[in-house]
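Chains A and B supply the protein sequences, listed in that same order.
At position 92 of the first sequence (counting the first as 1) the number is 92 in the numbering used here, and the numbers step up by one without a gap.
At position 256 of the second sequence (counting the first as 1) the number is 256 in the numbering used here, and the numbers step up by one without a gap.
No lab work stands behind these hints, which were simulated from the structure alone.
Possibly wrong hints are sitting among the right ones.
Think about it this way: if two alpha-carbon atoms lie no more than 25 Å apart in a straight line, the pair counts; the simulated DSS-like pairs of lysine-lysine are [as the list claims (entries may be wrong)]: (1) B:K269 <-> B:K254; (2) B:K275 <-> B:K303; (3) B:K189 <-> A:K18; (4) A:K147 <-> A:K29; (5) B:K275 <-> B:K205; (6) A:K147 <-> B:K143.
Calculated Cβ distances over 12 Å to all of chain A for the following chain B residues [what the hints assert, rightly or not]: (7) M1; (8) V23; (9) S38; (10) I39; (11) E48; (12) A64; (13) F135; (14) K148; (15) A170; (16) E180; (17) E210; (18) I257; (19) G271.
Computed footprint of chain B on chain A, listed as stretches where at least three residues anywhere in the stretch have a Cβ under 8 Å from a Cβ of chain B [as the list claims (entries may be wrong)]: (20) 21-32; (21) 41-49; (22) 54-68.
We treat Cβ as the ideally placed atom computed from N, Cα and C, and that holds for glycine.
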Amino acid sequence: MEITVTGPEEYGNEAYRKLFTEVMSELGKAVTLEKANLFLDPAGPLFVFSVVLRSRPESKRLADATSIRTEGKEVHITITDENYAPEILSALWKQYGRTRVEQQTRFDIKIDEGDDDLIRELPIASGEDAKQEIVGALWRTLPEGIKARHNISEGRIITIAATEEIVTDEIKEKAMRIHNEVKGDVDV
Amino acid sequence: MYDGGIYRSNELLEMIEDCGGVVIQKTRSAQMFTVTMSIPGEDREGMEKMCTDIGGMVKAVPLAGTEIAVVGPTLGRHHMPHPICDIAEELRQAGAITVVMGLARGRGKATSQISMDEMGIINEYDAAVFVLGNFKSCVEAKKHLFEKISVPVILVSGPMPDGLEEYCEAIISGVGRRTERMRLPEDRKKLEEISEKVESVLRTKRKAIEEDPIFVHPAEIKQLLEEYGPIKESLRPAPIVLHLDGLRLKIPMKENIEAISNMEVYGRKLGDIAKISESRIDDSSMIIRIMTRSEVEDKDNEKT
Numbered sequence: 001m002e003i004t005v006t007g008p009e010e011y012g013n014e015a016y017r018k019l020f021t022e023v024m025s026e027l028g029k030a031v032t033l034e035k036a037n038l039f040l041d042p043a044g045p046l047f048v049f050s051v052v053l054r055s056r057p058e059s060k061r062l063a064d065a066t067s068i069r070t071e072g073k074e075v076h077i078t079i080t081d082e083n084y085a086p087e088i089l090s091a092l093w094k095q096y097g098r099t100r101v102e103q104q105t106r107f108d109i110k111i112d113e114g115d116d117d118l119i120r121e122l123p124i125a126s127g128e129d130a131k132q133e134i135v136g137a138l139w140r141t142l143p144e145g146i147k148a149r150h151n152i153s154e155g156r157i158i159t160i161a162a163t164e165e166i167v168t169d170e171i172k173e174k175a176m177r178i179h180n181e182v183k184g185d186v187d188v
Numbered sequence: 001m002y003d004g005g006i007y008r009s010n011e012l013l014e015m016i017e018d019c020g021g022v023v024i025q026k027t028r029s030a031q032m033f034t035v036t037m038s039i040p041g042e043d044r045e046g047m048e049k050m051c052t053d054i055g056g057m058v059k060a061v062p063l064a065g066t067e068i069a070v071v072g073p074t075l076g077r078h079h080m081p082h083p084i085c086d087i088a089e090e091l092r093q094a095g096a097i098t099v100v101m102g103l104a105r106g107r108g109k110a111t112s113q114i115s116m117d118e119m120g121i122i123n124e125y126d127a128a129v130f131v132l133g134n135f136k137s138c139v140e141a142k143k144h145l146f147e148k149i150s151v152p153v154i155l156v157s158g159p160m161p162d163g164l165e166e167y168c169e170a171i172i173s174g175v176g177r178r179t180e181r182m183r184l185p186e187d188r189k190k191l192e193e194i195s196e197k198v199e200s201v202l203r204t205k206r207k208a209i210e211e212d213p214i215f216v217h218p219a220e221i222k223q224l225l226e227e228y229g230p231i232k233e234s235l236r237p238a239p240i241v242l243h244l245d246g247l248r249l250k251i252p253m254k255e256n257i258e259a260i261s262n263m264e265v266y267g268r269k270l271g272d273i274a275k276i277s278e279s280r281i282d283d284s285s286m287i288i289r290i291m292t293r294s295e296v297e298d299k300d301n302e303k304t
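Start from the sequences, fold in the hints, and give me the full structure.
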């Protein structure tokens, strides 16, 4: 991950570079980030953190994490990505109720009288959740007292501006300018 | 401080008593036992031999008999729970009783505040270590958090702030907000530096107290109070905590003030030679501040 820190205080810049790396690694988000731009202005105070994700967070359908086949009236599902197992089960329970969904083994599920096409399209994860997690991690890196925040999200880029009192138009403009700088040659 | 097992610890306690020493703090955790003691210098060698014989080790603890507050703007995950806990632990290793405290509204550059209650609580301790963050301008802007604190303040921050020397007794830079424990060799060195600084600040305070000495040493009152029923029955880990100029008793004031005030110390009532007040933390503990000899003499003169 490439991190650029801009700020008036050398000590603070280095401390925040370290903090940002540690918090992101601790939360398992460092691998999802390609680039980060941290703008620190403690005199304001105004902090603008802008990150570029490696890939655009997208929603997942049930078919993306399973293989599905139909035998007569029964639909057999095999989980191929176990990370989504809880979401797969809860989506199926919601659609068919617990009595019709039979989990035979850790990875195999059978559904009586299921609709193959409908099952394939059931959503199991939205891209919004992934984005929310990144935003949460960024909030955790920002100083605690800087509570008034303004978020900008566009494709792979997420920018957060945070200040202590009112988020003015100038702050929004500044955040947008940094957001656009980061955007630069990135294919959003 | 003796640090070892519980095995044959009664022999150790007997020896402390025999050589005219005092047990300042005694903590037992399962089979582990630590005793902070004050003994005459000439008995040190014998005591060290005894401690090694019973399978423990002994070390000098310069902060024994003090209670120190380690204060941060908040104890939230955002701030500095790691340095605060590490500093508190380092001071504990040096013999102090430490308390970790987060302010209710301490975060933020322009919005940080400290209430009168919080100041009152901090003033009950022998010294306060304030731990602030990574930006010089923010640390300098937060001087109002400690400028009205009457006990010695040691400021620990990231960068070295300017113009705060008159508001605190010592400033140590190079810590600040961080998300990891202070485990590296340079971190350990920094913790030792903080501990040494606290020790030197308290040494100065001790000297100041010695100029007009307190009427009786807190350890003597502790010995007296140890025989008091509610203290003996108290289940709190350290029901009596020594301060440089008094003690903290972790029993309710309302029920015990009369009995404690009437205890006899060198022919006088404890209530006549000490100021006893309820702790600002809650009503389950009280603070005894022993008067200086001159204060007691003044009081005597007023009576006659």
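Quick one: which hint numbers does this structure break? Sort them smallest to largest.
-> Failing hints, ascending: 13, 16, 22.
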